[in-house]
Each structure stands twice: as structure tokens, then as C-alpha cells.
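J.: Sequence:
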Amino acid sequence: MLPPANNNHRLAVCLDGLWQFRAQLAGDRAEDWHGGFDGGTLAAVPAAFNEQFTDYATFNHMGVVWYAREFELPPPPCNET
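Each step along the sequence shown adds one to the number in this note's numbering, with nothing skipped, and position 19 is 19.
Mixed in with the good hints there might be a few duds.
[Said to hold, decoys possible] Distance ranges between label pairs, derived from CB positions:
#1 MET62 x PHE37: 33 to 41 Å
#2 GLU72 x ARG10: 41 to 49 Å
#3 PRO74 x ARG29: 28 to 36 Å
#4 GLY35 x PHE59: 23 to 31 Å
#5 GLN52 x PRO4: 22 to 30 Å
#6 TRP33 x MET1: 30 to 38 Å
#7 HIS61 x ASN8: 17 to 25 Å
#8 VAL13 x ASP38: 24 to 32 Å
In case anyone wonders, no lab produced these hints; they're calculated from the structure. None of the values given here were measured: they were computed from a predicted structure. Virtual Cβ for every residue (Gly too), placed ideally from N, Cα, C.
Work out the full structure, taking the sequences as your base and the hints as a guide.
T.: Spelled out as C-alpha cells, the structure:
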């Protein structure tokens with residue numbers, strides 16, 4: 001497999017870093033989170049979330065989790081053919 005590369009047709013952007021993290025619990029209205037959410041905890045990406053937290057509920061969570069972060073994408077590359 002070839003590694004991601006920047007060229008006239010593709011732009012590779014690194015999204016590593018700290019992201020807002022939240023585990024989805026019973027009763028949460030996750031459809032409200034598609035635009036981001038309040039009250040998240042910072043978690044490093046890429047990494048296993050459960051190894052970054054010491055509270056029992058998060059460390060042992062086996063369901064859906066959400067990550068949110070604002071970022072800006074550079075302009076798309078020229079698509080010269």
C-alpha cells in the first residue's frame with residue numbers, strides 16, 4: 001500500500017492532536033452532537049481512548065464514542081489535467 005501523498009488530485013492532512021472526547025451513554029441524544037458538543041474531555045488522537053482515562057466508566061466503555069475538533073482545511077490542490 002502506498003502512503004498518502006500530496007499531488008494535483010489529493011491532499012493529505014494530518015489530524016493528530018488533542019480532540020474533545022465524549023462517550024455516548026444511554027439516554028444521550030447523539031443526533032444533537034453532529035455539529036460538536038459541550039462538556040467533552042480532551043483525548044489524544046491517534047490513541048486508544050480507554051487507556052487515557054482512569055475513571056471506571058470511561059476505561060471500561062464498550063459502546064459508541066464521539067470526537068470533535070475544529071480545524072481549517074487548506075485550499076484544494078489544482079486539478080490540472
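J.: Please go over all the hints and tell whether each is borne out by the structure.
T.: Verification of the supplied hints:
no., hint, result
1, MET62 x PHE37: 33 to 41 Å, "20 Å, violated"
2, GLU72 x ARG10: 41 to 49 Å, "18 Å, violated"
3, PRO74 x ARG29: 28 to 36 Å, "34 Å, holds"
4, GLY35 x PHE59: 23 to 31 Å, "28 Å, holds"
5, GLN52 x PRO4: 22 to 30 Å, "25 Å, holds"
6, TRP33 x MET1: 30 to 38 Å, "32 Å, holds"
7, HIS61 x ASN8: 17 to 25 Å, "42 Å, violated"
8, VAL13 x ASP38: 24 to 32 Å, "26 Å, holds"
Hint violations for this structure: numbers 1, 2 and 7, all remaining hints satisfied.
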